[in-house]
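The sequence shown begins at 1 in the working numbering and counts up by one.
For the record, the hints were derived by calculation from the structure and aren't laboratory data.
Built from N, CA and C at the ideal position, the CB exists for glycine as well.
Honestly, I wouldn't trust all of these hints.
As a list, the in silico DSS-like pairs of lysine-lysine whose alpha-carbon atoms are at most 30 Å apart [stated by the list, open to error]: (1) K64 / K231; (2) K140 / K68; (3) K380 / K176; (4) K180 / K123; (5) K143 / K176; (6) K176 / K123; (7) K64 / K112; (8) K231 / K180; (9) K123 / K161; (10) K161 / K176; (11) K297 / K402; (12) K176 / K140; (13) K297 / K380; (14) K140 / K297; (15) K402 / K380; (16) K140 / K180; (17) K228 / K123.
The following label-pair restraints were derived from C-beta to C-beta distances [as the list claims (entries may be wrong)]: (18) A407 / L340: 15 to 25 Å; (19) S269 / T73: 26 to 36 Å; (20) S86 / V261: 38 to 48 Å; (21) G401 / T252: 36 to 46 Å.
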Amino acid sequence: MKLFQRLLVAPAALGLMAPLAANADVTAVSNESDLSSEVIQARVDGVEAQLGEIMAGQFSSSTKMSGKAAFITGYVDDDAESDTDSITMEYMYQLNMNTSFTGEDMLYTRLKAGNVSDHFVDKGQGTYLSAGKNTSDALKVDKIWYQFPVGDDVTVWVGPKIENYYMLASSPSIYKPVTKQFTLGGNGTVYGSSTKAGFGAAYVQPTEDPSAGRFAVSVAYTNQSGAKSGKDQGLFGEDGKSALLTKLEYGTPQWQVSGAVALKENGWSDSYFTTAAGKARSAAGSETAVGLRAYWKPDTTGAIPEVQLGYDVSTIDDAPTGFADEASGWMVGLGWKDLLIDGNRAGVAFGSRVSATSIVGGTSDPSEDNSVWEAYYSFKINDGVTVTPAIFGGSDVESEGKDVSGAVVLTEFRF
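Using the sequences plus the hints, can you model the full thing?
Pasting the structure below:
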């Protein structure tokens, strides 16, 4: 991009410098004294100003692009299905573009393509990979939003494709997961989201000492019907599937505790928990979800791990017979930075996926006592390449007696 920009700027620069060079030659020949050093400097300043205007109009002056590609090689053994332990190789490709118009704002656009399918994008049994994406090989807009500051302490987000957890003062989790179920301290009823239209704002208490504790509060609204124009649909329609998230946090760069409440209306769906019959939320139900998170980092990296805790509990109103009216889940994550070799990372997480603890009609969820886990070690080959072997598994996922296990090697190229 910089080479392309220079090729564009070079002719303009030569055109602007030509009159100055000609004047300099005339000066040398005629020895005119009126072209003093001040006059020459003024002309040089003018040339530089015009070059600055040309460069300001180039694409790369305000937009930065980064990306990554992931090669996913592995298998999943599902006890409930036959012949599911084949080794597959799939991919995910991602481009991130950050554009600023004032130096303080940002238009974020994320493009993704992938052919990850079957188990590695299965939310229900917990084998959905964080690197998983299936677009049938098409490069599509995956996220797009605009954020800008209001004063020194408030940030605002708005966009047609955004998730609630992007509109937070800070992430509720420091654990780096392989399977998506351990994202955000437990990707379940509170932070479990979907990419739809929304907006939000976050306030961070100012502090003179960056290491001192501070409060922050975030509010985010998303609507799964935001792009629909039908009756009572749209961003604020009465029948729209909406979610309002509020998060309050306190902490330092080393530790944090937070609590969040999510109000989900009209059968908001994200498939992060299901009963044995595949019924999580009714089409008309509303849900109140509470999430508690805490994390701590050691002063030094190495043998002592980072610790991440998460707990979610939900109540679903107006649920008909056979649907869940209460649900909960939890997780513990441990992470080691620079373990054995600087730049490498290890992680272990375990817990219970969000499942129904009560179903209308008196039945129980056979997956209520489920347990899930993962473990990995990341090798940093260089600044752009990381290889991560991982194993994972679970018992009683989706239904009683349904056990899963698997292994994967993630090779990520960042640029």
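Going through the hints against the structure:
1. For the hint linking K64 to K231, the alpha-carbon distance of about 40 Å lies beyond 30 Å, and the restraint is violated.
2. For the proposed pair K140 and K68, the alpha carbon gap of about 15 Å is at most 30 Å, so the pair holds.
3. Between K380 and K176 the alpha-carbon distance is near 15 Å, which keeps this suggested pair within the 30 Å criterion.
4. Of the supplied pair hints, the one linking K180 and K123 holds, its CA atoms being roughly 8 Å apart against a limit of 30 Å.
5. In summary, the hint linking K143 to K176 is supported, as the alpha carbons are separated by about 21 Å, within the 30 Å threshold.
6. The suggested pairing of K176 with K123 holds, with an alpha-carbon distance near 18 Å, which does not exceed 30 Å.
7. Using a Cα cut-off of 30 Å, the hinted pair K64 and K112 holds, with the two alpha carbons roughly 17 Å apart.
8. Using a Cα cut-off of 30 Å, the hinted pair K231 and K180 is violated, with the two alpha carbons roughly 35 Å apart.
9. For the suggested pair K123 and K161, the alpha carbons sit about 20 Å apart, so the restraint of at most 30 Å is met.
10. For the proposed pair K161 and K176, the alpha carbon gap of about 24 Å is at most 30 Å, so the pair holds.
11. For a cut-off of 30 Å, the pair hint linking K297 to K402 is broken: about 35 Å separates their Cα positions.
12. Restraint check: the Cα-Cα separation between K176 and K140 comes to about 25 Å, which is no more than 30 Å; the hinted pair holds.
13. The straight-line distance between the Cα atoms of K297 and K380 is roughly 21 Å, inside the 30 Å bound, and the hint therefore holds.
14. The straight-line distance between the Cα atoms of K140 and K297 is roughly 37 Å, outside the 30 Å bound, and the hint therefore fails.
15. Proximity of K402 to K380 is assessed by CA-CA distance (about 35 Å); at most 30 Å being required, the pair is judged violated.
16. With a C-alpha separation of about 21 Å, the suggested pair K140 and K180 falls inside the 30 Å cut-off, and the hint holds.
17. Of the pairs offered as hints, the one joining K228 and K123 holds, with about 25 Å between alpha carbons and a cut-off of 30 Å not exceeded.
18. The beta-carbon spacing between A407 and L340, approximately 21 Å, falls within the hinted interval of 15 to 25 Å.
19. At about 31 Å, the beta-carbon gap between S269 and T73 stays in the expected band of 26 to 36 Å.
20. For the hinted restraint 38 to 48 Å between S86 and V261, the CB-CB distance of approximately 43 Å keeps it satisfied.
21. Restraint check, G401 to T252: a C-beta distance of roughly 45 Å satisfies the suggested window 36 to 46 Å.
In this structure, the hints that do not hold are numbers 1, 8, 11, 14, 15, in rising order.
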